[in-house]
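Student: Residue 225 in the UniProt record's numbering sits at position 225 of the sequence shown; the count goes up by one each step and never skips.
Just to be clear, a hint being listed does not mean it is correct.
[Stated by the list, open to error] Straight-line C-alpha distance at most 25 Å; calculated DMTMM-like pairs for lysine to aspartate or glutamate:
| hint | residue 1 | residue 2 |
| --- | --- | --- |
| 1 | Lys159 | Asp376 |
| 2 | Lys313 | Glu188 |
| 3 | Lys216 | Glu256 |
| 4 | Lys302 | Glu409 |
| 5 | Lys346 | Asp362 |
| 6 | Lys400 | Glu410 |
| 7 | Lys313 | Glu72 |
| 8 | Lys12 | Glu51 |
| 9 | Lys59 | Glu269 |
| 10 | Lys260 | Glu224 |
| 11 | Lys59 | Asp80 |
| 12 | Lys433 | Glu318 |
| 13 | Lys348 | Glu292 |
| 14 | Lys419 | Asp362 |
| 15 | Lys302 | Glu318 |
| 16 | Lys159 | Glu224 |
| 17 | Lys302 | Glu411 |
| 18 | Lys128 | Glu292 |
| 19 | Lys346 | Asp317 |
| 20 | Lys128 | Asp376 |
| 21 | Lys216 | Glu292 |
| 22 | Lys302 | Asp317 |
| 23 | Lys419 | Glu429 |
Hints are computed from structural coordinates only; laboratory data are not their basis.
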Amino acid sequence: MFPSSCFRAVEKSQTLVINEQSRQLEASGREVFKFGFGQSPFPPLPAAVAELQAQAHQKAYAPTQGIPELREAVAAFHRDAENLDVTAEQVIVGSGSKILIYAAMAAFTHADVLIPAPAWVSYVPQAKLLGHTPIRVVSHFEGRWRMTPEALLASIAQKENPSTPSILIFNHPGNPDGLCYTDEELTELASVMRANNILAISDEIYGLLHHTGGHKSLALFYPEGTIVTGGLSKWCGAGGWRLGVALLPRSLGVGESEFKNVMTGISSETYSCAPLPIQLAAVKAYHWQSPELQVYLRHQRKLISFLGTWCAKTLRDEAGIRVHTPQGGFYLFIDFTPFQDLLVQKHKFASSGAMCQALLVDTGVAVLPANAFGMDNDYMAARLAFVEFNGADALAAAAKLGDDVPIPEEEFLSTVFAKTAKGIRSIVEWTKKL
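Input sequences plus hints: build the corresponding full structure.
Tutor: Following this line, the structure appears as structure tokens:
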């Protein structure tokens, strides 16, 4: 009916594409190691599940900004957990943090959007959908994939019009690398943001999965210019519930804020509201003082810290792959550049995507190519989500051990984490044969 020139050049999210390819390969009878899709392996918090069951009959539309009791709970949660100076008035609840990031950017008629490379796959497509100009902030393996003040200033210098609003979006802890910023790094970055009037959207969806519980929000260092986004998908194991939150700075979220009015207006014209039963269940999850929550988080952190450390060490020591030990979340950014000549000249891989396709076909290991995260097409790296295990079984095993007992490596790698370990060893063997 319409020629292709009529449509936007928007592709499916790479994370969803690799997940579908994995399913197809598995359906053909192959063993597949699903390291491509960053879904929490853990079950949702039991108290939240019970409340969702109890509230399933609720069918009313909720307020676009979120029900008052949830906004109060979210504000109190982040005050207690992260020492953030936030009130319910500053909280916006949405159907996942992805749409809230989009709505925050959509509030601007035009903006320059500063995005680190590598960074989560949806930031650039969202900016382009809105007609904004994405500008990459370069980072390097040697610098732990951290954005530096110098790199941020270099990207600001690329702006065509200095008067165009600047938005910076980044993950902390990082997706795809699982790494965190130090207090000193955040202080230095905040100085650059402050001096250049940058609105920062700090995507802290993995904050509560900092492996030692030491997450520090950017909003502690740049409170006047930071929107913090989060939600239930990662730390609460409830990605499919689609419950996200945005914490606006006081300058944008208190009183008759034009920005907040525009952002909630956009929300009302898109998703309307987060589902009421989900919001009511989320009230139970956002209770920092809950002993159940504290145990739930401690066990998750212990498990993913152990597994992430083992995966990184094994890939480094046995295959020579460059990778940093993760500090938060459940990702590794595995760098195959030591094998660049073999990959390009011998195997004729023109892109990280081609390399990852070969890895999937040869071994059944699904990872996401670096070019999906904004890296150059021929930069041979990939994101690995070490989530191929039964989270409920893992939590039960951790509970049986107790808080003070280290995870027994041999036992857990042969039982709870057996499939993840097998997949990692498959990557090692594949790399050795290059």
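Student: For a C-alpha distance cap of 25 Å, please report whether Lys346 and Asp362 respect it.
Tutor: 16 Å, holds
Student: Check the hint pairing Lys302 with Glu409 against an upper bound of 25 Å on the C-alpha distance.
Tutor: The given pair, whose Cα atoms are some 12 Å apart, holds under the 25 Å limit.
Student: Check whether the Cα positions of Lys59 and Glu269 lie no farther apart than 25 Å.
Tutor: Cα-Cα ~19 Å, so holds.
Student: Decide if the proposed pair is consistent with the structure: Lys400 and Glu410, CA atoms, cutoff 25 Å inclusive.
Tutor: Distance of about 16 Å is within 25 Å: holds.
Student: Straight-line Cα separation of Lys159 and Asp376 no greater than 25 Å?
Tutor: The hint holds at about 21 Å.
Student: Hinted pair, alpha-carbon criterion (25 Å max): Lys302, Asp317. Please report holds or violated.
Tutor: 22 Å, holds
Student: Are the Cα atoms of Lys216 and Glu256 separated by 25 Å or less?
Tutor: 29 Å, violated
Student: Quickly compare the C-alpha distance for Lys216 and Glu292 to 25 Å and report which way the hint goes.
Tutor: 23 Å, holds
Student: Next pair to validate is Lys12 with Glu51; report whether the Cα-Cα distance is within 25 Å.
Tutor: 34 Å, violated
Student: Has the given pair, Lys128 with Glu292, been kept, meaning a C-alpha gap of at most 25 Å?
Tutor: 42 Å, violated
Student: Given the hint that Lys419 pairs with Glu429, test it: the Cα-Cα distance must not exceed 25 Å.
Tutor: 15 Å, holds
Student: Run the distance test for Lys419 versus Asp362: straight-line Cα separation, threshold 25 Å.
Tutor: Holds - the C-alpha atoms of Asp362 and Lys419 are around 17 Å apart, at most 25 Å.
Hints 2, 3, 7, 8, 11, 13, 18 from the list above are not met by this structure, while the remaining hints are.
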